[in-house]
Amino acid sequence: MSMAKYQLSSVQASYGKTPGVAIDQLTIASGELCVLVGPNGSGKSTLLGILAFLDQPGQGTVSFDGVPVNWTQKESVSLRQRVTLLHQNPYLFSGSVARNVAFGLTARGTRKKETKNVIHESLEKVGLDGFESRTARRLSGGEIRRVALARALACQPEVLLLDEPMANVDRASAELFESLIASLSAGGMTIVISSHDERLAARLGARIIYLEDGKLGRAPEPMASACELHQSEENHANS
Amino acid sequence: MSFLSESFRMAIALILSGDSDVLSAVAISLSVALWSVVFASAIGVPLGVAVAVGNFPLKGVVRLALNSLMAMPTVVIGLLVYGILSRQGPLGSRGLLFTPGAIVIGQTILAIPVIANYTLTAIQGADERILPTARTLGASRLQCLLQLAHEVRFGLVAAVIAGFGRVVSEVGVAMMLGGNIRMYTRTMTTAIALETSKGDFAFGLALGLILIVVSLAVNSVLTVAQESYRA
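As they're listed, the protein sequences go chains A and B. First residue of the first sequence? That's 0 in numbering that gives the first Met the number 0, and the numbers climb one at a time after it. First residue of the second sequence? That's 0 in numbering that gives the first Met the number 0, and the numbers climb one at a time after it.
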């Protein structure tokens, strides 16, 4: 059995107007691919914010790689260098695409030569090879998403958190995202995706984490069955 | 009308002749204004950033104070600093009163609220996603703030220019703390006030024209920079 990447215990959080969460127990294994599903306002983004170490829960314990998180400034920065969240509506900094993709690497003190290679590889992964010198602010919506994903991948995180990555993207981008997620997951990366697409978990063979009113629940039957059916088909094909 | 046109002609002639009094007043004005803006920016920009992004008790009071200080009459600041720098004041032994240094101190105090408020406004108008994006990419607090400053850099330049505009055109502080000493603390504005009161309207007009050109030049640089950024 793989080690737990995250262990959440009696976690409660609410931040102003954003929906809160109240989770008794949640474990996400290392290398696991999870899809966070739930209606609007169920607390998916709040949970992702906690998993990304951006927001400290009001109560409860979050452990990462078996170590309880203390939420000190120094520790949070260090953990954020291992976990990257791609926001639903990503922001690209002013300047070139290369400058955006290099941001996380610069923050980590990566050498320039290595940075250049990583930028190239990351953009290639998202199908934007040759976009390095383009002005980030002049890209289309789909291209912005891809650059933001390349920027997240360039950080080479242990955990990738994706907030509605397939919302409002064209079919080609959605397919690219799905195949990239599948290949990253196969490579051992822990991935948590929040999505409204109930069939996404089935297509990716992912575990469903169902949230309703901030609490973990059992996924509605058709969603759970679709996922189980897909996983049994996958197991059958592998055997 | 002939008085105005004659004064204007004499003012232009004074500027073109390179009159030493005119040049001295321009040099002193620019020098004290630039140093004041440098010091005021070093304090005002971080102060504006801190008020914009920080959460601390009495934040509202600090914002209100910064807003109120924007409208502080220059002579009042001059008066307060005069009290501190005069012989009986706490810093009287330093002998700073009636030196360019005293004007720099007064004008720095004058420019800080302007620069801090413009910085605050620039950051409040910035995209809310900048800091969370930088944070999730593993940036430290300082790196996040530097990135935020980079994203609003033209707002920060506007803050510095506004501070410069405030100090280069003021009279009260320069008059009270500089003493209007010829070739030493006489700035463009104090020279205009003095020479006009003495009846030398052409001299005042010459300096007034230079002051307008300086203000236009500074604003043009800012506008060109902003336009090239948007292009």
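Don't read these hints as lab results, they were simulated from the structure. Values in this document were obtained by computation on a predicted structure and should not be read as measured data. Every residue, glycine too, gets a C-beta built ideally from N, C-alpha and C. Take these hints with a grain of salt, some might be off.
Pairwise CB distance ranges (calculated) [claimed, not checked]: (1) V220(B) / G57(A): 37 to 43 Å; (2) Q55(A) / V220(B): 52 to 58 Å; (3) K115(A) / G53(B): 33 to 39 Å; (4) L57(B) / G57(A): 39 to 45 Å; (5) I11(B) / R107(A): 44 to 50 Å.
Chain B stretches covered by chain A per the calculated footprint, using a threshold of three residues with CB under 8 Å from any CB of chain A [as the list claims (entries may be wrong)]: (6) 132 to 138; (7) 141 to 151.
Over the 10 Å line for every Cβ pair with chain B, so calculated as not near, a few chain A residues [what the hints assert, rightly or not]: (8) T26; (9) V76; (10) L84; (11) T114; (12) E163; (13) E174.
Going down the list of hints, with the structure as the test:
1. The beta-carbon spacing between V220(B) and G57(A), approximately 49 Å, falls outside the hinted interval of 37 to 43 Å.
2. Under the hint 52 to 58 Å, the C-beta atoms of Q55(A) and V220(B), about 44 Å apart, miss the expected range.
3. K115(A) and G53(B) have their C-beta atoms about 36 Å apart, which keeps the hinted 33 to 39 Å range intact.
4. Between L57(B) and G57(A), the C-beta spacing of about 24 Å breaks the proposed range 39 to 45 Å.
5. Between I11(B) and R107(A) the C-beta distance comes to about 60 Å, which lies outside the given range of 44 to 50 Å.
6. Closer than 8 Å: that is the beta-carbon criterion, and the stretch 132 to 138 of chain B has 7 residues meeting it against chain A, so the requirement of 3 holds.
7. With a cut-off of 8 Å between beta carbons, the stretch 141 to 151 of chain B has 4 residues touching chain A; three or more are needed, and the interface restraint holds.
8. Remark: the non-interface label on T26(A) is consistent with the geometry, its nearest Cβ contact in chain B lying 23 Å away (cut-off 10 Å).
9. Non-interface status of V76(A) relative to chain B is broken: a Cβ of that chain comes within 10 Å, the nearest being about 5 Å off.
10. Some Cβ of chain B comes within 10 Å of the Cβ of L84(A); the nearest lies about 4 Å off, and the non-interface call is violated.
11. T114(A), annotated as away from the interface, keeps every beta carbon of chain B farther than 10 Å; the closest lies near 13 Å.
12. Even its closest Cβ contact with chain B, about 14 Å, leaves E163(A) beyond 10 Å, as expected for a residue assigned away from the interface.
13. The Cβ of E174(A) sits about 25 Å from the closest Cβ of chain B, beyond the 10 Å cut-off, so the non-interface label holds.
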